[in-house]
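Engineer: Produce the complete structure using the sequences and hints provided.
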Amino acid sequence: MTEPVLSIRNITKMFGALAASDNVSLDLMPGEIHALIGPNGAGKSTLIQQISGGLTPDAGSVHFLGRDVTGLDTVARARLGLGRTFQISALAMEDTVLQNAMLGALGAKGRPFSILRPIMRDKGLRQVAEAALDRMGLSTHHNTVTGELSHGQRRQLEVAVALTLSPRAFLMDEPMAGLGTSGTHDLTAILSNLRHEAPILLVEHDMDAVFALADRISVLDYGRIIATGTVDEIRAHPDVRRAYLGEET
Amino acid sequence: MTRETWINAALALGLLAVPLWAWVADEPFTITLATKVAILALAGVGLNIALGLGGLVSLGHAAFFGLGGYAMGILAAHAQNYTPLMEWPLVVEGTKSMPVIWLVAVIVSALTALLIGALSLRTSGVYFIMITLAFGQMLYYFAISWPAYGGEDGLSIYVRNGFPGLNTLDPIQFFAICYVLLILALAFSARLARSPFGLALNAARQSPQRVETVGISPYRLRLLAFVISGAITGLAGALFADLNRFVSPSMFSWQTSGEIMVFIILGGTARLFGPVAGAALFIFLEQALGGLSEYWHVHLGLLLLAVVLFARGGIIGTLAGQGARND
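Heads up: the protein sequence lines correspond to chains P and A, in order. One gets the working numbering by counting positions in the first sequence from 1 and adding 10 to each. One gets the working numbering by counting positions in the second sequence from 1 and adding 1045 to each.
In case anyone wonders, no lab produced these hints; they're calculated from the structure. Heads up, some of the hints might be wrong.
[As the list claims (entries may be wrong)] Some chain A residues flagged as far from chain P (calculated, every beta-carbon gap over 10 Å):
| hint | residue |
| --- | --- |
| 1 | L1061 |
| 2 | P1144 |
| 3 | F1187 |
| 4 | D1198 |
| 5 | S1252 |
[Stated by the list, open to error] Simulated restraints, written as ranges between beta carbons of each label pair:
| hint | chain 1 | residue 1 | chain 2 | residue 2 | range |
| --- | --- | --- | --- | --- | --- |
| 6 | A | A1163 | P | Y232 | 40 to 48 Å |
| 7 | A | M1175 | P | A199 | 31 to 39 Å |
| 8 | P | G134 | A | Y1203 | 50 to 58 Å |
| 9 | A | R1236 | P | P40 | 38 to 46 Å |
[Unchecked claim] Here are some chain A residues the structure puts well away from chain P; computed CB gaps all over 12 Å:
| hint | residue |
| --- | --- |
| 10 | A1238 |
| 11 | N1247 |
| 12 | E1339 |
Glycine included, each C-beta is placed from N, C-alpha and C at the ideal position.
Structural biologist: Below, the structure written as structure tokens:
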């Protein structure tokens, strides 16, 4: 049996009397897209933060590539190969698109404390950055100031920066949020191919995209995982229909 | 060349032309004023690395300016009194050599910046401003209460320190030293902004989570920026003390920190030549308005208010517009 790339074991996180994560366990296997769905306030963001390193769980552990990373911060987990994208774009808005991608390449493969050579002339990093932008369809926007990009293009840049990291696992927080129909369609195709490079833990509200992409789905409700299974299993699951899908179908 | 490059070149040449004209016209006071502009601009170039590129609003940079000043004052005082700085565990003599004094000023400022930065960069926003201010004030009161080096009265140095091959008492030659150091610092600053470190630091100012997520620690970036920034401001402090041949605790005062910040805001935050434009305007106003009224700071305050409200890019930003700041 293959080992999971990312393994969350019995995570609990309390905010006062509220259990934002209530004994959550979750595995991300090689080559899969594992979608995490749940209504607003179900604890998805809190869980994502505990996986990426922004929050420490009260109990339980996070293992990444067979290593216990529960005590490591965001920087250390990123260096191990956890590629995260943000729900609300966290980009350097005054910088150009290429500079944002270069930052990713720099973090993963460069020397960020070097003060001598101009970074934009670093051919190696530039190749990494340009390749990622090409893949996300941003090759004509290298010199556009990021703040001037459309919402959809910012979402693409978010994913492009994660690509420059060549991560061992992706952690994507609502990459489709606010994308139009064609944008969602394009990104779905890209993510579908991406799973073979590194598995994706995908938090997403767009059910069509989730059902099209996911190999497995976990449903979070009131901080608990109420079901994990394939698309068909989840669609048929009575608790899921009641807690979540019932409102939409 | 962009418009900003032209403005920068004009500023660099202007700051050179004025004292050269004054030299020919035999107006040594004007040369001294130009030297003051160069030195204060150098202090501003230092702060601009932390403030402009790193977004670190330090209200304690007088600490480094003062340390540079006292490094000069203490070394030169021992040299002029022929007393060793310390005798145990090894004998260290004072010195009247500028390069040695600069080196000491830079090292002392950098180490102090490392200490102050390591503690204060754990906070952000208004807390960071207050903690840097507190460290500056600590050194201010320490200087006042240290009688060995003049206490409140400060420390006079009778003869300006020496630089090999130059007569530093000649105003134009001392100006040349300060001007060259300013240009070198500007060149370094421009290079820094384009370096990998500059890109990461600038990104950490805009989106710290992003920088963390690509595996770079914003704290470390800021700490290095703070150290480089403090070291350059410390060098300026040593020159300023040499210009006046006098150091006093007022170099450590929070007003000094505020003034250095005013140069940057007037000139244009994060603009390479912002501190040069700001310091030049500041000294010009001090001379022009200071003659009219003792309360010229009122006019400066109004001007500052106008810049902050209507011209956020300062002088350079207003003249050059929103250009690409670094390609």
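Engineer: With reference to the structure, classify each hint as holding or not holding.
Structural biologist: Evaluated hints:
1. L1061: Per Cβ check, A/L1061 is outside 10 Å of chain P; nearest 27 Å; holds.
2. P1144: The claim stands: A/P1144 keeps its Cβ more than 10 Å from every Cβ of chain P (closest is about 22 Å).
3. F1187: Since the minimum Cβ distance to chain P is about 32 Å, A/F1187 lies beyond 10 Å and the statement holds.
4. D1198: holds, 40 Å
5. S1252: violated, 5 Å
6. A/A1163 - P/Y232: 40 to 48 Å: At 42 Å between Cβs, range holds.
7. A/M1175 - P/A199: 31 to 39 Å: About 52 Å separates the Cβ atoms of A/M1175 and P/A199, which means 31 to 39 Å is violated.
8. P/G134 - A/Y1203: 50 to 58 Å: holds, 57 Å
9. A/R1236 - P/P40: 38 to 46 Å: holds, 44 Å
10. A1238: A/A1238 not clear of chain P: closest Cβ-Cβ about 9 Å, inside 12 Å.
11. N1247: violated, 7 Å
12. E1339: holds, 42 Å
Hint compliance for this structure: hints 5, 7, 10, 11 are not met, and every other hint is.
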